[in-house]
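Given the coordinates of chain A, work out where chain B should sit on it, guided by the hints.
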Amino acid sequence: DVKVTQSSRYLVKRTGEKVFLECVQDMDHENMFWYRQDPGLGLRLIYFSYDVKMKEKGDIPEGYSVSREKKERFSLILESASTNQTSMYLCASSSGQGAGEPQHFGDGTRLSIL
Amino acid sequence: AQTVTQSQPEMSVQEAETVTLSCTYDTSESDYYLFWYKQPPSRQMILVIRQEAYKQQNATENRFSVNFQKAAKSFSLKISDSQLGDAAMYFCAYRRSPMNYGGSQGNLIFGKGTKLSVKP
Chain A
19 DVKVTQSSRY LVKRTGEKVF LECVQDMDHE NMFWYRQDPG LGLRLIYFSY
69 DVKMKEKGDI PEGYSVSREK KERFSLILES ASTNQTSMYL CASSSGQGAG
119 EPQHFGDGTR LSIL
Chain B
41 AQTVTQSQPE MSVQEAETVT LSCTYDTSES DYYLFWYKQP PSRQMILVIR
91 QEAYKQQNAT ENRFSVNFQK AAKSFSLKIS DSQLGDAAMY FCAYRRSPMN
141 YGGSQGNLIF GKGTKLSVKP
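Those protein sequences? They're chains A and B, same order as listed.
For our numbering, add 18 to where a residue sits in the first sequence, where the first one is 1.
For our numbering, add 40 to where a residue sits in the second sequence, where the first one is 1.
Be aware that a few hints might be false.
Partner residues are not named here, just some residues of chain A that face chain B (Cβ under 10 Å, in silico) [what the hints assert, rightly or not]:
#: 1; residue: Arg-27
#: 2; residue: Phe-51
#: 3; residue: Pro-57
#: 4; residue: Asp-77
#: 5; residue: Ala-110
Straight-line alpha carbon distances no greater than 20 Å define the calculated EDC-like cross-link-like pairs of lysine to aspartate or glutamate that follow [as the list claims (entries may be wrong)]:
#: 6; chain 1: B; residue 1: Lys-152; chain 2: A; residue 2: Asp-56
#: 7; chain 1: B; residue 1: Lys-110; chain 2: B; residue 2: Glu-69
#: 8; chain 1: B; residue 1: Lys-110; chain 2: B; residue 2: Glu-92
#: 9; chain 1: B; residue 1: Lys-118; chain 2: B; residue 2: Glu-50
#: 10; chain 1: A; residue 1: Lys-89; chain 2: A; residue 2: Glu-48
#: 11; chain 1: B; residue 1: Lys-95; chain 2: A; residue 2: Glu-119
#: 12; chain 1: B; residue 1: Lys-152; chain 2: A; residue 2: Asp-77
#: 13; chain 1: A; residue 1: Lys-73; chain 2: A; residue 2: Glu-90
#: 14; chain 1: B; residue 1: Lys-155; chain 2: A; residue 2: Asp-125
#: 15; chain 1: A; residue 1: Lys-21; chain 2: A; residue 2: Asp-44
#: 16; chain 1: B; residue 1: Lys-152; chain 2: A; residue 2: Asp-125
#: 17; chain 1: A; residue 1: Lys-88; chain 2: A; residue 2: Glu-74
#: 18; chain 1: B; residue 1: Lys-155; chain 2: A; residue 2: Asp-56
#: 19; chain 1: A; residue 1: Lys-88; chain 2: A; residue 2: Asp-44
Hints listed in this document are in silico derivations from the structure and should not be mistaken for laboratory results.
Quick caveat, the model's predicted, so the values are computed rather than measured.
Glycine included, C-beta positions come from ideal geometry on N, C-alpha and C.
Chain A on its own, in the form it takes in the complex (with noise of 0.2 Å):
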């Protein structure tokens, strides 16, 4: 089975400072993706990546940065962490093999900034 693993079930930070949520694989899967999911507002995607030091923005990439250095780690960094980013952050990666293959996610971090 694929494990995709988040690095913290909870998180607790402080306005202003720098948070990394990291996310490991064991499938060597190409791509991988951060989402952001909010009640009521369903996933969005910040970030993805299909392959080693390759990004892409989502549809949220304000206030958010990403780095992948090796194939199965792929990082989600709030540059300077905001209120606004309260949130649970779902991790999720997914083979290139074709549009059909599907996501497998992470626990997920949930992250409260106070």
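Okay, now just chain B, sitting in the frame of chain A:
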């Protein structure tokens, strides 16, 4: 731009009964994929079922089946013999095909979700 609409924020079903969750989408593409994902409370989101648009036959996975109406751009999920473990948020998602590297064409577009409760 493609959009996915789930018109039922919440649904409820009696255990052992059947429930249908609605999903409509908007696209000008002719070839694409549709997915239903399930997110149990405080648990990982998992794939329930997927449908390829060029296939006429509706996908089925055990108690889960879809009613795919391409002309109407409708993709509903039917859960038969509902069980307590089916209680979850259900998300409908769309992906354009084929997936092109370097662009957003391969990304999933999600609906806002339907919260399903199962009554014992």
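Going through the hints against the structure:
About 9 Å separates the beta-carbon of Arg-27/A from the nearest beta-carbon of chain B, less than 10 Å, and the hint is met. Using the Cβ-Cβ criterion of 10 Å, the hint placing Phe-51/A at the interface with chain B is satisfied: the shortest such distance is roughly 7 Å. Proximity of Pro-57/A to chain B holds as hinted, the smallest CB-CB distance being about 9 Å (cut-off 10 Å). Checking Asp-77/A against chain B by beta carbon gives a least distance of about 9 Å; that is within 10 Å, so the hint holds.
This hint holds: Ala-110/A has a C-beta 8 Å from the nearest C-beta of chain B, less than the 10 Å allowed. Between Lys-152/B and Asp-56/A the alpha-carbon distance is near 9 Å, which keeps this suggested pair within the 20 Å criterion. Between Lys-110/B and Glu-69/B the CA atoms are separated by roughly 11 Å; this keeps the pair inside 20 Å, and the hint holds. Distance hint between Lys-110/B and Glu-92/B is fulfilled; the C-alpha atoms sit about 10 Å from each other, no more than 20 Å.
A threshold of 20 Å between alpha carbons decides the hint, and for Lys-118/B with Glu-50/B the separation of about 15 Å falls inside it, so the pair holds. For the given pair, Lys-89/A sits about 7 Å from Glu-48/A by alpha-carbon distance, which is consistent with the 20 Å threshold. For a cut-off of 20 Å, the pair hint linking Lys-95/B to Glu-119/A stands: about 16 Å separates their Cα positions. Distance check on the hinted pair: Lys-152/B and Asp-77/A sit about 15 Å apart at the alpha-carbon level, within 20 Å; holds.
Of the pairs offered as hints, the one joining Lys-73/A and Glu-90/A holds, with about 14 Å between alpha carbons and a cut-off of 20 Å not exceeded. Distance hint between Lys-155/B and Asp-125/A is fulfilled; the C-alpha atoms sit about 18 Å from each other, no more than 20 Å. A distance of roughly 6 Å separates the Cα atoms of Lys-21/A and Asp-44/A; the hinted pair therefore holds under the 20 Å criterion. Proposed proximity of Lys-152/B and Asp-125/A is supported: the alpha carbons are some 19 Å apart, at most 20 Å.
With a CA separation close to 16 Å, the supplied pair Lys-88/A and Glu-74/A stays within the 20 Å bound. Taking the CA atoms of Lys-155/B and Asp-56/A, the gap is about 14 Å. The hint holds against a cut of 20 Å. Distance check on the hinted pair: Lys-88/A and Asp-44/A sit about 12 Å apart at the alpha-carbon level, within 20 Å; holds.
Figure legend: structure checked against the earlier numbered hints; every hint is met.
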